[in-house]
Amino acid sequence: MGRILNEFDSNMVDLTGKSILITGGTGSFGQKFVRTIINSWDVKRLVVLSRDELKQYEMAHEMRNEMSPENFAKLRFFIGDVRDGQRVHMAMRGIDVVVHAAALKHVPIAEYNPMECIKTNLLGAENIIEAAIANKVEKVIALSTDKACNPINLYGATKLASDKSFVAANNLVGDGPTRFSVVRYGNVVGSRGSVVPFFRNLAKNGSEIPITDTRMTRFWITLQQGVNFVLSNFNMMQGGEIFVPKIPSTKITDLAEVIAPKLPTREIGIRPGEKLHEMMISEDDAYVTVDLGDRYAIEPAFAEYPRKSLKEVYGATPVSDRFSYSSGSNDWWLDNQEMTAMLKVAGV
Numbered sequence: 026m027g028r029i030l031n032e033f034d035s036n037m038v039d040l041t042g043k044s045i046l047i048t049g050g051t052g053s054f055g056q057k058f059v060r061t062i063i064n065s066w067d068v069k070r071l072v073v074l075s076r077d078e079l080k081q082y083e084m085a086h087e088m089r090n091e092m093s094p095e096n097f098a099k100l101r102f103f104i105g106d107v108r109d110g111q112r113v114h115m116a117m118r119g120i121d122v123v124v125h126a127a128a129l130k131h132v133p134i135a136e137y138n139p140m141e142c143i144k145t146n147l148l149g150a151e152n153i154i155e156a157a158i159a160n161k162v163e164k165v166i167a168l169s170t171d172k173a174c175n176p177i178n179l180y181g182a183t184k185l186a187s188d189k190s191f192v193a194a195n196n197l198v199g200d201g202p203t204r205f206s207v208v209r210y211g212n213v214v215g216s217r218g219s220v221v222p223f224f225r226n227l228a229k230n231g232s233e234i235p236i237t238d239t240r241m242t243r244f245w246i247t248l249q250q251g252v253n254f255v256l257s258n259f260n261m262m263q264g265g266e267i268f269v270p271k272i273p274s275t276k277i278t279d280l281a282e283v284i285a286p287k288l289p290t291r292e293i294g295i296r297p298g299e300k301l302h303e304m305m306i307s308e309d310d311a312y313v314t315v316d317l318g319d320r321y322a323i324e325p326a327f328a329e330y331p332r333k334s335l336k337e338v339y340g341a342t343p344v345s346d347r348f349s350y351s352s353g354s355n356d357w358w359l360d361n362q363e364m365t366a367m368l369k370v371a372g373v
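Be aware that the sequence shown starts at 26, since it is given in our numbering, and climbs by one per residue.
Hints are supplied without guarantee of correctness; some may be wrong.
As the list claims (entries may be wrong) - Calculated pairs, PhoX-like style, for lysine-lysine (alpha carbon to alpha carbon, straight line, at most 25 angstroms):
1. K99 to K161
2. K189 to K161
3. K57 to K271
4. K271 to K287
Stated by the list, open to error - Just the calculated beta-carbon pair ranges, DEER-fashion:
5. E136 to F327: 28 to 34 angstroms
6. N260 to I295: 20 to 26 angstroms
7. A98 to P235: 44 to 50 angstroms
8. G42 to R296: 43 to 49 angstroms
9. Y312 to R101: 40 to 46 angstroms
Read the hints as simulated data drawn from the structure, not as lab findings.
We put the CB at the ideal spot given by N, CA and C, even for glycine.
All chains should be modelled from the sequences, with the hints used to inform the complete structure.
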């Protein structure tokens, strides 16, 4: 057995009495985030902004049944699209903290519909930035993806541009209170679109497991870890950082063996826009990357605003000049027993 999965300390921030907005709040991350917030702090209100009325209805129905009336009364289900700047501005009135999780993230669909992906992931990010500054929001954390590091597909390229926008937004605040940072992590175990439910279904009903490439590796994080990691950065952020958690890697073939040990695998070839190994920090960013123990942070290369370095505040140590953080060269790998435990913890 190797290292224990980092749980990350979500209690590093106190959200008691705060008004919080999450975009894309009906997604896998959003639902786990909402439950975590409501169960952990006596917040003033928690606004769920998303564009799908059916998902909002279903989410509200579930949470009404599982929460006390007092807690459910803190939720606000706000229909709207991050592409609509006026609606975003309205949703952000009186908000203290924003988590921006809304995105179009399906790689092939983004390739076929590039402008739709750009409108949501990049222009939507600009709307979040402008509304947050105008409403004097205290802190904004945007969710990114490993695909934004050295992107080879449109989705990754839009998220890289979004990341750059959020980092640079700190230069636009002037004497306002708003600070922006980004969180970047890898595959989420059991989320919609994850390979884990796909493999589970094949284990029950399939005759073989399709593997794009037997050399493929991936980072893994559970939904609760992802939520805790986001929350743990609110106090730590000085503005402009891209925070990256230290999480384990697996080979896709090993994951298939754990989930469907009785089924043979068949290599089908890597898909367009797909990488063999995930990259979360490239060697080109090593000169501005620091180690914070359970995470890395890429600090802003250009900071034309008052900001203390993470070395100054937390004693972070710079990484080596040739450093990169890839799932293929990671020093933390899960064995089959650890993968089984991770899947159990994630409830998938």
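For this session: Compare the structure with the hints numbered earlier in the document and write down the numbers of the violated ones, lowest to highest.
Result: Failing hints, ascending: 4, 6.
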